[in-house]
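Let the hints inform the model, and build the full structure from the sequences given.
Residue numbers (this note's numbering), protein chains in the order written: chain A, 615 to 727; chain B, 706 to 816.
It should be emphasised that the hints constitute simulated quantities derived from the structure, not laboratory data. A portion of the hints provided could be inaccurate.
Claimed, not checked - Listed next, the in silico DSS-like pairs over lysine-lysine satisfying Cα-Cα at most 25 angstroms (straight line): (1) B:Lys706 / A:Lys633; (2) A:Lys650 / B:Lys773; (3) A:Lys654 / B:Lys747; (4) A:Lys655 / B:Lys706.
What the hints assert, rightly or not - Covered by chain B, per the in silico footprint, the following chain A stretches (three or more residues, Cβ under 8 angstroms): (5) 636-646; (6) 650-657.
Claimed, not checked - Partial list, computed: chain B residues near chain A (C-beta under 7 angstroms): (7) Ser751; (8) Tyr781; (9) Leu794; (10) Phe806; (11) Pro808.
Note that CB positions come from ideal geometry on N, CA and C, so glycine has one too.
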Amino acid sequence: DTEVTQTPKHLVMGMTNKKSLKCEQHMGHRAMYWYKQKAKKPPELMFVYSYEKLSINESVPSRFSPECPNSSLLNLHLHALQPEDSALYLCASSPGTSGYEQYFGPGTRLTVT
Amino acid sequence: KQEVTQIPAALSVPEGENLVLNCSFTDSAIYNLQWFRQDPGKGLTSLLLIQSSQREQTSGRLNASLDKSSGRSTLYIAASQPGDSATYLCAVLNYGQNFVFGPGTRLSVLP
Chain A
615 DTEVTQTPKH LVMGMTNKKS LKCEQHMGHR AMYWYKQKAK KPPELMFVYS
665 YEKLSINESV PSRFSPECPN SSLLNLHLHA LQPEDSALYL CASSPGTSGY
715 EQYFGPGTRL TVT
Chain B
706 KQEVTQIPAA LSVPEGENLV LNCSFTDSAI YNLQWFRQDP GKGLTSLLLI
756 QSSQREQTSG RLNASLDKSS GRSTLYIAAS QPGDSATYLC AVLNYGQNFV
806 FGPGTRLSVL P
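Written out as structure tokens, the structure is:
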């Protein structure tokens, strides 16, 4: 199984809502990532979890809060987002953080109204 | 800081042509380089991963080469098909850092 799953596929939320994005992999990977991708732009790294510990936080606003409950799951909690946060949010995993192939999920299309 | 560029930004070819996509990077001390394909509004599909010690990797009609000294990688697609239409991204991993993506090449293969 080389699949990374993400739910929901689409999400529309108001600026005062609280919602969560979920990501799951069953490949035994120990590193998981959140990326943000705007239209016609490459993905930008937001967070890296290595062995369930947050190892990279690329100066992302606190309205985005990651959580890694176990080695297979990665959540991204959203609160008080802005319209400019509308984007495709991609989750990825890899066996480790040093030189391994990354596997991406299908993404969640987020629209903030 | 690593910077990755891709040329051309967009490419349109008739079906059956062989084509080359280019990826350039400024810091040659890379760990590996990965080529991805992305369909509109979808996630990234890994195509090929080249480790820094390798010169090329092949998968089906795809061949990726790596020249670290010149900071370049090419993705060669043989006998292109309309189903190959997508955006192709290269991503470079440096030691102690995270993947840096290029801006992508949008490929259209016309029937």
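These are the hints, each one checked on the structure:
1. B:Lys706 / A:Lys633: violated (34 angstroms)
2. A:Lys650 / B:Lys773: violated (28 angstroms)
3. A:Lys654 / B:Lys747: holds (12 angstroms)
4. A:Lys655 / B:Lys706: holds (19 angstroms)
5. 636-646: violated (count 0)
6. 650-657: holds (count 3)
7. Ser751: holds (6 angstroms)
8. Tyr781: violated (20 angstroms)
9. Leu794: Result: holds, 6 angstroms to nearest chain A Cβ.
10. Phe806: Holds: closest Cβ of chain A sits about 4 angstroms from Phe806 of chain B, inside 7 angstroms.
11. Pro808: With a minimum Cβ separation of about 6 angstroms from chain A (threshold 7 angstroms), the hint on Pro808 of chain B holds.
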